[in-house]
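Chain A is fixed; fit chain B onto it per the hints.
Number of protein chains: 2
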Amino acid sequence: MKIDVYATPDSAKEKALKDRIVVVIDALRATSTIITGLYNGCKEFIPVIDIEEAVNIAKNYDRDAFLLGGERNAQKIEGFHLSNSPMEYTRDVVEGKTIIITTTNGTKAIRKASDAKKVIIAAFVNVNAVSDYIRKVGEDVAMVCAGTDGYFSLEDILVVGAIISNLKDKLHVKLDDLGIVSCYLYENNKDKLDDILKGTRHYSRLARLGFEKDIEYCLKMNAAPIVPLYRDGVIRKIKNLRD
Amino acid sequence: MKIDVYATPDSAKEKALKDRIVVVIDALRATSTIITGLYNGCKEFIPVIDIEEAVNIAKNYDRDAFLLGGERNAQKIEGFHLSNSPMEYTRDVVEGKTIIITTTNGTKAIRKASDAKKVIIAAFVNVNAVSDYIRKVGEDVAMVCAGTDGYFSLEDILVVGAIISNLKDKLHVKLDDLGIVSCYLYENNKDKLDDILKGTRHYSRLARLGFEKDIEYCLKMNAAPIVPLYRDGVIRKIKNLRD
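Residue numbers (the working numbering), protein chains in the order written: chain A, 26 to 268; chain B, 26 to 268.
Next comes chain A alone, as it looks inside the complex (with noise of 0.2 Å):
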């Protein structure tokens, strides 16, 4: 199986991505914000890139049927229900919604992707579901990480190596210079995540932002084991591999 990996959705040419399963990563925070409302059982995600885009989008449903998410600088936007943070999520608000949500970086890498053969959305609260998506579909990975405005973000690839690491334990995977880098980094890591973050860039202007609960949660490996996938504009946790 090839795994190709890419720090910001610009270098991800879509070429590259159109035959393979797409794995999008935003671990701070959209795609751990997504795969917990799945998780927690609402219905699905549109991710949009504009808040206009949400807005208007809103407008086909009924009032109790949907909820607007998101950010913008790391903030709530105005007149929206919830924020990017997954501990809004919970059962009780978003069992059964349609959640619109747009962020800054990875509602973009999602929509980048949209050609792929198949989107998946990952973070480490999903490691392990991913993983073992991943092998059962056995086909070759692109990992497209959402990154921080256009730069490289590491705990993107922190994700991204702790996949690999899953699936090289089980199966012949043939990494790009990316690939052998976030392994690298995440298995000389995996005890103390926290250490080779804390002078990261996206990291430390969430924890400045008084976000610590956040972060705390959105570094627990497998806190909301299922797969979402994003087909046709829409992502819902998956149910089986024919998804």
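Just so you know, these hints were derived from the structure itself, not from any lab. Be aware that a few hints might be false.
Unchecked claim - Taking lysine-lysine pairs in the DSS-like style, the calculated list, with each CA pair at most 27 Å apart, reads:
(1) K40/B <-> K199/A
(2) K215/B <-> K215/A
(3) K262/B <-> K27/A
(4) K217/A <-> K68/B
(5) K193/A <-> K217/B
(6) K199/B <-> K215/A
(7) K27/A <-> K223/B
(8) K223/A <-> K193/B
(9) K199/A <-> K238/B
(10) K27/B <-> K262/B
(11) K68/B <-> K264/B
(12) K217/B <-> K199/A
(13) K199/B <-> K238/A
(14) K262/B <-> K38/A
(15) K38/A <-> K199/B
(16) K215/A <-> K262/B
(17) K223/A <-> K199/B
(18) K40/A <-> K38/B
(19) K199/A <-> K215/B
(20) K217/A <-> K215/B
Coordinates of chain B only, in the frame set by chain A:
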């Protein structure tokens, strides 16, 4: 001092390079070759993108004054004097000459940085000289790796790590995520660079093509301890800090 790191030329926005000392790295092999040629007494390098451009520039020079160097698909270009192997750029061949060079990744990276304040050429062979220069100049730095065909290339990242590792012992450096990663990777592998590089894309391709001697030389720390400066289309050895 702020240090930002870009894994490929495309990931570096021109604007982000403008007010920086830009360090361009293509350890296997273009920047190692340029540094070595200058160390061995050649007058200057003119890095160009196209073979045609190289041939046209050569027309301005007397027959004895220039050499054409470079590669396509890692091999010598038809009609050129020299390939991209640093082993060919010996004193008896290059002394006093202008060398017009075109390579697949390296010369593109150099040209991308054209608008920067200063552009410095680095590789393992001049790590300490470059680190000393940066420390003395004391301005913010952008490290631009050539990568391989648009992809993240580990050997370049390890050169970045070696320079950062030198600098951070002597002054306070503010690193982005890729800077943290580069330094970590270098410091944890400096005594066995070969081991971590063996599975990587460009290294293993060159090894397959029979360039083991080039690889061995390109990994030699400080084998050619000079600092090349790219200015007005030409790369020359820096003689003093005011250059």
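Verification of the hints:
no. : hint              : in the structure
1   : K40/B <-> K199/A  : violated, 36 Å
2   : K215/B <-> K215/A : holds, 21 Å
3   : K262/B <-> K27/A  : violated, 43 Å
4   : K217/A <-> K68/B  : violated, 51 Å
5   : K193/A <-> K217/B : holds, 22 Å
6   : K199/B <-> K215/A : holds, 24 Å
7   : K27/A <-> K223/B  : holds, 17 Å
8   : K223/A <-> K193/B : holds, 17 Å
9   : K199/A <-> K238/B : holds, 26 Å
10  : K27/B <-> K262/B  : holds, 25 Å
11  : K68/B <-> K264/B  : holds, 13 Å
12  : K217/B <-> K199/A : holds, 22 Å
13  : K199/B <-> K238/A : holds, 26 Å
14  : K262/B <-> K38/A  : violated, 37 Å
15  : K38/A <-> K199/B  : violated, 31 Å
16  : K215/A <-> K262/B : violated, 44 Å
17  : K223/A <-> K199/B : holds, 13 Å
18  : K40/A <-> K38/B   : holds, 23 Å
19  : K199/A <-> K215/B : holds, 24 Å
20  : K217/A <-> K215/B : holds, 22 Å
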